[in-house]
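A.B. asks: This is what each chain is made of:
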Amino acid sequence: MAISPLERRLRIAGLLIAAGLLIQAVSLIGVHPLAFVAFLVFACPMVGAGILLFLYSILKGDRHAPPQAAPTGPPAGGG
Amino acid sequence: MSGDTVLSLIFVGVTVLLALVVSFRVALTRATSGKILAFIALFILPAMAATQGFNEHMEKAKTTAFCLSCHVMHDYGRSLYVNDPSFIPAVHFQNHLVPTDQACFTCHTTYTMFGDYQAKFRGLRHLYVQYLGTVPKPENIKLYTPFNNRECLHCHLGMRKFEEAAPHHRTPGMMAQIKSNHLSCMSSNCHDTVHDLKDFNLVTFWKPTS
Chain A
1 MAISPLERRL
11 RIAGLLIAAG
21 LLIQAVSLIG
31 VHPLAFVAFL
41 VFACPMVGAG
51 ILLFLYSILK
61 GDRHAPPQAA
71 PTGPPAGGG
Chain B
1 MSGDTVLSLI
11 FVGVTVLLAL
21 VVSFRVALTR
31 ATSGKILAFI
41 ALFILPAMAA
51 TQGFNEHMEK
61 AKTTAFCLSC
71 HVMHDYGRSL
81 YVNDPSFIPA
91 VHFQNHLVPT
101 DQACFTCHTT
111 YTMFGDYQAK
121 FRGLRHLYVQ
131 YLGTVPKPEN
141 IKLYTPFNNR
151 ECLHCHLGMR
161 KFEEAAPHHR
171 TPGMMAQIKS
181 NHLSCMSSNC
191 HDTVHDLKDF
201 NLVTFWKPTS
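Which chain is which? The protein sequence lines are A and B, in order. Numbering follows my numbering, in which position 65 of the first sequence is assigned residue number 65; successive positions increment by one, without gaps. Numbering follows my numbering, in which position 161 of the second sequence is assigned residue number 161; successive positions increment by one, without gaps.
Derived from the structure by calculation, the hints contain no laboratory data. Misleading hints may appear alongside valid ones.
Stated by the list, open to error - With beta-carbon atoms standing in for the labels, derived distance ranges:
1) A/45 to B/141: 15 to 21 Å
2) A/3 to B/125: 27 to 33 Å
3) B/200 to A/12: 29 to 35 Å
4) A/32 to B/160: 39 to 45 Å
5) B/202 to A/32: 51 to 57 Å
6) A/34 to B/13: 21 to 27 Å
7) B/180 to A/59: 37 to 43 Å
8) B/32 to A/8: 46 to 52 Å
9) B/134 to A/4: 51 to 57 Å
As the list claims (entries may be wrong) - Chain A regions said to be covered by chain B (calculated; three or more residues, Cβ under 8 Å):
10) 29-35
11) 42-56
Said to hold, decoys possible - From the structure, some residues in chain A lie toward chain B, with a derived Cβ separation under 7 Å:
12) 3
13) 10
14) 11
15) 39
16) 62
Virtual Cβ for every residue (Gly too), placed ideally from N, Cα, C.
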């Protein structure tokens, strides 16, 4: 099924967040300054970028989405 | 691995799982419940997980093991076991006057509002030197600024043994000078034996029995 630009951005945001959190998880296993640096340099920016992309996506909306059909119903009857 | 770390990893795992579900089943977000799921999985939980991860890393960065994980700090770690009570770090560490698992950080942080973070950002400079710069010999490592009495007074201020000690009242106003950092605790003939790596060939080392 084709996905809209909004959904594509959500997908990228989710992947960024997942990748960043996986790096975070690996960095939490050890006690070493390089683990802290990996968290600060890679994990935090990736999670932050994913969150910002998500917020940008939901604020921008989906301009290219097909317009929703107007609700159909019985014409308002007059007296 | 500590219980906190295990809990963090579980939380991160659940968050990753939900983020991947939203990524690969993005059509879910067309429904209202899917939108709520996306908001939780791509905003609330990641923000919480990253904050929690940062706090976890900050706590780990305070541990003695963290500070001593660089080879150049090895002798500083040994100085905690010097069998001589005139060595300030050793007497604090061996008598549990500082938490033994945070022995370095307890004295080398800055007791101000953002002191913990300042200390860790100074640590980033250490990392730069360790991996990209020229590592000095351990005995040549110096503090960036003279040690501030504030760090000592964080614990000693108000302590009877400190306030009433005769050497702290040798001259009028001496105590006021100490408290205002005008007279360093580590000045000559006071508590001036700190790590003193160059004296290691003259000392013995304590071996804890337990």
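A.B. asks: Against each hint, give a clear statement of whether it holds in the structure.
C.D. replies: Checked hints:
1. Against the hinted window of 15 to 21 Å, the Cβ-Cβ separation of residue 45 of chain A and residue 141 of chain B comes to about 31 Å, which falls outside the hint.
2. Hint check: residue 3 of chain A to residue 125 of chain B, Cβ distance near 46 Å, so the stated range 27 to 33 Å is violated.
3. Here the CB-CB span from residue 200 of chain B to residue 12 of chain A is close to 56 Å, at odds with the stated 29 to 35 Å.
4. The beta-carbon spacing between residue 32 of chain A and residue 160 of chain B, approximately 41 Å, falls within the hinted interval of 39 to 45 Å.
5. The hinted window of 51 to 57 Å between residue 202 of chain B and residue 32 of chain A is violated, with their beta carbons roughly 33 Å apart.
6. The beta-carbon spacing between residue 34 of chain A and residue 13 of chain B, approximately 22 Å, falls within the hinted interval of 21 to 27 Å.
7. In this structure the hint that residue 180 of chain B and residue 59 of chain A lie 37 to 43 Å apart at CB is violated, the actual value being about 53 Å.
8. Here the CB-CB span from residue 32 of chain B to residue 8 of chain A is close to 21 Å, at odds with the stated 46 to 52 Å.
9. For residue 134 of chain B and residue 4 of chain A, the hinted distance range of 51 to 57 Å is satisfied, since their beta carbons lie about 54 Å from each other.
10. Beta-carbon proximity to chain B at under 8 Å applies to 6 residues in the stretch 29-35 of chain A; the threshold of 3 is reached and the given coverage holds.
11. Using a Cβ-Cβ cut-off of 8 Å, 8 residues of the stretch 42-56 of chain A lie near chain B, which meets the minimum of three, so the contact claim holds.
12. The restraint placing residue 3 of chain A at the interface with chain B holds, with a minimum CB-CB distance near 6 Å, inside the 7 Å limit.
13. Taken as an interface hint, residue 10 of chain A checks out: its beta carbon lies about 5 Å from the nearest beta carbon of chain B, inside 7 Å.
14. Because the closest C-beta pair between residue 11 of chain A and chain B is about 5 Å apart, less than 7 Å, the hint holds.
15. A hinted interface residue such as residue 39 of chain A counts as satisfied when its beta carbon comes closer than 7 Å to some beta carbon of chain B; here the least separation is about 5 Å, so the hint holds.
16. Interface restraint check: residue 62 of chain A against chain B, minimum CB-CB distance 10 Å, threshold 7 Å, status violated.
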